[in-house]
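Line order of the protein sequences matches chains A, B and C.
The first sequence stops at residue 206 when you use full-length UniProt numbering, and every number in between is there.
The second sequence stops at residue 197 when you use full-length UniProt numbering, and every number in between is there.
The third sequence stops at residue 546 when you use full-length UniProt numbering, and every number in between is there.
Since the hints were made in silico from the structure, they are not lab data.
All figures in this text were calculated on a predicted structure; none of them were measured in a lab.
Take the hints with a grain of salt, since some may be wrong.
[What the hints assert, rightly or not] Taking lysine-lysine and the DSBU-like style, the derived pairs with C-alpha atoms no more than 30 Å apart in a straight line are:
(1) C:Lys377 / C:Lys401
(2) B:Lys154 / A:Lys187
(3) B:Lys52 / C:Lys193
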Amino acid sequence: MLISLRNDHKEHLNLLTTQSVQVLIDFCKLAIDFLQNGPNLKLYTTAAEKLSVDLDAVQNCIYGLVNLLLLSCKYKLSEADFRDSILTLGFSSEQQTILHKFYESKKTEVARIITKLSVSEPHYDDLEWRFEVQVSSRALLHQVVPLMTLDLSLKTMKDDGSGYEKEHLLLQTDVNNLLHITQELEKALIESRSRHSRKIQRALNS
Amino acid sequence: MKFDENIKKSLNLANNATAVTDATFKGLLENCFSVLTGLPEPHNVTNLYNSKPDLVKELYAALLSITAEFVRSGQKSDSIRDFLNKCGYNEAKISFYTDLYDRNREEIEGSLINVGSHLPHITDVTWKIDYIIKSSCVDASEGPLFRIGLQTEKYNSEIGGKKVELVNFTCDSQELQDLVYKLKDAVRHCQRIGSEH
Amino acid sequence: MEEIDAIIIDSLKNLHCDFEDDVTSLKHFDADMVVSAISRCLEAMIPDTSFPKKLPPSMSIKLKITSSLAARDDIGYQTILYCNEAEIRRVLMFLVERLPREASKVAHVEQTGYVPTLVKEIEQKVRGSLQQVWVPSCVLRNGFRRNEGLFFHSFGNCRPLKGVKLQVPFTSRSYSDEALKEYWVRNVPVVTKQCEVEELLPSLLFKDCLISSVDTDLRNCFKVASHREEITPLKSSELVQVKMPEVTEESESEQKLQALVDDVKLKKEECVELDKKVKSYESQLEQLAKSRTEEEETLQTLLSQVNLKSKTLTVISKEENLQKLKNMIEASRNKLVNLTEQWKSIQTPLLEEYKSLQNAISSKDLKQQQEQDKFKKLEETHKTLNTDLHEKTQLEDQLRKKLEQVNKTNTRSGYTRRILEIIGNIKKQDEEIQKILKDTREVQREISSLTGQVDRSFTLADELIFRDAKHDETARKAYKLLAQLRDDCSVIIKAVTDLGAVERECRNLQEQIDSETAKESAVKLERVNKDLQEMKKETETLLKQT
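When you get a sec, could you build the whole thing from the sequences and use the hints?
In C-alpha cells, the structure reads:
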C-alpha cells in the first residue's frame, strides 16, 4: 500500500528534494540523532547557515523525516511501497535509496516501540509457587490443609515506554482449584493452536 | 485438655434433674451442635428455661465451651466419655453427647479452620482469546492475546463476608505457555506427593 | 503348562480383565481377549496411560491398534491378530513377570507416630483433592466440602480471630446481690444471642481476643499514653488529666503542643525537685525527734539507777543487815541447786520420749513420700500404657483391614500352593526320567554283554573248527559255513540297529508333523486371506468415497 502525507508535511520535506545526496545523508543522520538524543539546535543552526535557509525550515525538515519514519513503520511498508510513497514527493532514485537505508536502519527499533506503546494493560511476567500444609492453628490444633501459595508477578509498560513497572500479587489456592485452573489455561493454549484459530489468524494477516 | 473448675461446676448443673430435664438437656445439646456448625438453633432456648433460666443459660454456655474446646484439641469420644464421667453424667447423657459429637465433629472442625487470615484464594479462572485487527498505533494484526481473569475470594470485614475479585492480566502465547508450564510443574509436584506410599 | 496358564489368567483377572469363568487355558484366547490382556498389563506397568480394550470391526483400524500395541513389546501385529498359543504364552509371561508387585506394599508396616500419620494424612488429602471433580466455590457452604475428610476450596469465609466478652451466669457462687441474680434470670441473653454466629466460636474459646488491632481510637490512646510516659514518670491520675486535652487538641498545631509539653515538662521537674526537698527535710525532722526520745530514755534509766544505788548504800551501812543478807543468799542458792536437780530428773524421760516420737514421725513421712512417688510412677505408666494401647489397637485395626484385603485377593498363598504343586510334579517327572534312564542304561549294558558273548563264542568256535579243519574235510566245510554264518549274523545285527535308528527318526518326524499341525497354518492362511480381501474391499470403498 502507499501512504499519502498531509500537505504541510509534504511542504516540509520539499526542501530536501532539491538538495544533494550528501546533504540528505546529513539530514538523515540529524534525524537519527534526534531520535536518540532529542533536538540539537546548535547543529540545526549551522545546517541552516550552510544551506542559507531558516532555522525553522531545517527543524521542520528533521521533524518531517522522523514523522515519515513513524508513518512508514506504522503501516509496515515494504521496500517497493516505501519507494513508491516517497516517489510521489519528488525524490530522485538515489535519494530514495538513501531514505530507504534510513528507514531500514531504524525500522525494527521503532516498530517495537510503537507496538509496546499501544498495549498498556498488565502482562504476565512470572509465577513462583510454594506448596504449604497448614497443620495447626490457634483455633484448631490438629488439621491438614494443603495450600499452594503463588507469587504472580505482572508487568505494565510505563507511559513513556522506557521500561516495565512490576507488581507482585500474593495469592493462594488449593490443590483441586490449582488442577482446575491449570487445565482451563491449557485448554486456552490448545484452543489458540487449533485449526479454527489458525484459520482466523491467517484470515487476519492477509 | 484442662478446664477451669468453674466450668465443671457449671456442667454439673445438668445433674439437677428438676431444673434440667432430659428433654431440656437434649434440646440444649442439639442447639449447641447446630450453632457450632453454623446452622440456626432448632429449638428456641426460652422454651427450655423451665423454672431456672439462669441455670439453663449457664449450662448452655458451658456445653458450648467444652464442645468447642474438645474439637479444638481434637479429642476422641473415649476421652470425652472419661471427662463427662468425672462430671457425674449418666450413661444415657454421655452417649447422647458423644453420638452428636462424632456426627458433627468434622463440620465444627471446618468452622474452626475458618478462623484466621488467608491470602486471596483463587477459585476459578476465565479466559478469552483476542486478536487485534487494528489499533491507533499499528496498522497490523496481532495475536492471539489471552485475557485472563483469576477469580479470587477473600474475607472482607466491611461486607462481613467473602468478596470476589478478579485479577485481570494479559498474556501472549509465549507468556501463557510459561504460566501453564509453571502451574503444571506445581500440579506434578502435588501428584507426586499424592502418589507416594 | 496348565499351571502357568492358571497363574497368567489369575493375574490378568486381578487386573480387571473380564474373562469368562470357563477360560482356563490360553488355548481359548481369541484376538480380542489378547488385546485386552496386553492393554491391561501395559496400563498397570505404565501409569497414566490408556490403551484400547476392544478391537473395532474395521480391519485397517484393527491393524493399526495391534501394531501400536505390538510396537511396545518388540513383537509383530500378527502375534496378536493370528494368535498362536505358545507365542501368546511367551508374551503374557513376559508381561506378567514385569507387573508392579503389590506384595511389597502389603509388607510395609504403618507407623503411628505424629509425623508419619501427618505425612500420610497429607498424602491422602492431596490425592483426594486431585481426584475430586471441580465445583465452583459459590455452591459450597463455608468454602469446604466433606468427602471422607474436609476439603477446602475457598477461604473467603475465613474471618480473622475476633470475639466479644460473653456474659455467663455463675450460679455456684452464693448470691451476694439480689439485683445480680435478677439480672441473670431476667435480662442477660443466652450466649448465642450475645454475638454474631461467626464470632461465637472464638468468643467461647479465647477470652483475650476482645481487643481488635483495627480499633483506631484505642490505638491512639495507647500511642499517647506511651508517648507521655517517656517524657516524665507521671502518676496515673495526672496522666488522665493530661491525656484528655491532649487527645482533643491533637489536631491543633504541632508547635503549640510542643510548647505545652515543654512547659509541663519544666513544671514537672520543678515539682519533683520541691517534692524531694520536702521529703529530705521531713526525714531530718524525724531523725531529730528520734534522737531526742533516745536521750530522754537514757536520762530516765540513769536517774533510777542513782536512786537504787543510794538506797542500797544506806542498807549496807549496817553490819547486821549485811550478815542477814549473806545468809539469805546462801539459802536461796541451795534451794536453786535442789530445784535444778529435781527438774533434771523430770526432764530427761520426757526428752527421750519426744525424741523417739519425732523419729517415728520422720520415718512415717519418709514412707509416705515413697508411697506417693510410687503412685505417681504408676499413674504415669498407666497413662503411657493407655496411649500405647490406643496406638496398638489402631494399628491392629489397620492391619486387620489389610489382612482382610490380603485374604480377599489371596494371591500369595495360592501362588505358593501352586508352586509347591508344580515342584511336586517336577519331582515326580524327574523320578520317572531317572527310571527310564536307568532302564536304558541296563538295556545298553545287556546289549554290550550280548555282543561280547557273540564275539567270544564266534572266536571260540572259529579256533576249534580251524584246528580240526587241518585234518578233516567236513570240518573245513563247517569252517566255511561258520564264516558265512558270522557274516550273516553281523548283517542281521546291523539291520536291527538300523531299524532302531529309523524308528527314532520316525518318531522325530512324527513330532515335527504334530507341531506343524498344531500351528494350523492352513486355517491361519485362510484367515489372513480373508482379512486381506476385507482390507481390499475397505480400500475400494474408501477409494469410491473419495
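For each hint, the structure was consulted:
1. Between Lys377 of chain C and Lys401 of chain C, the direct Cα distance comes to roughly 36 Å. Violation of the 30 Å bound is thereby established for this hinted pair.
2. Our distance criterion of 30 Å between C-alpha atoms is met by Lys154 of chain B and Lys187 of chain A, whose separation comes to about 27 Å.
3. The straight-line distance between the Cα atoms of Lys52 of chain B and Lys193 of chain C is roughly 18 Å, inside the 30 Å bound, and the hint therefore holds.
The earlier numbered hint that this structure contradicts is number 1, and it is the only one.
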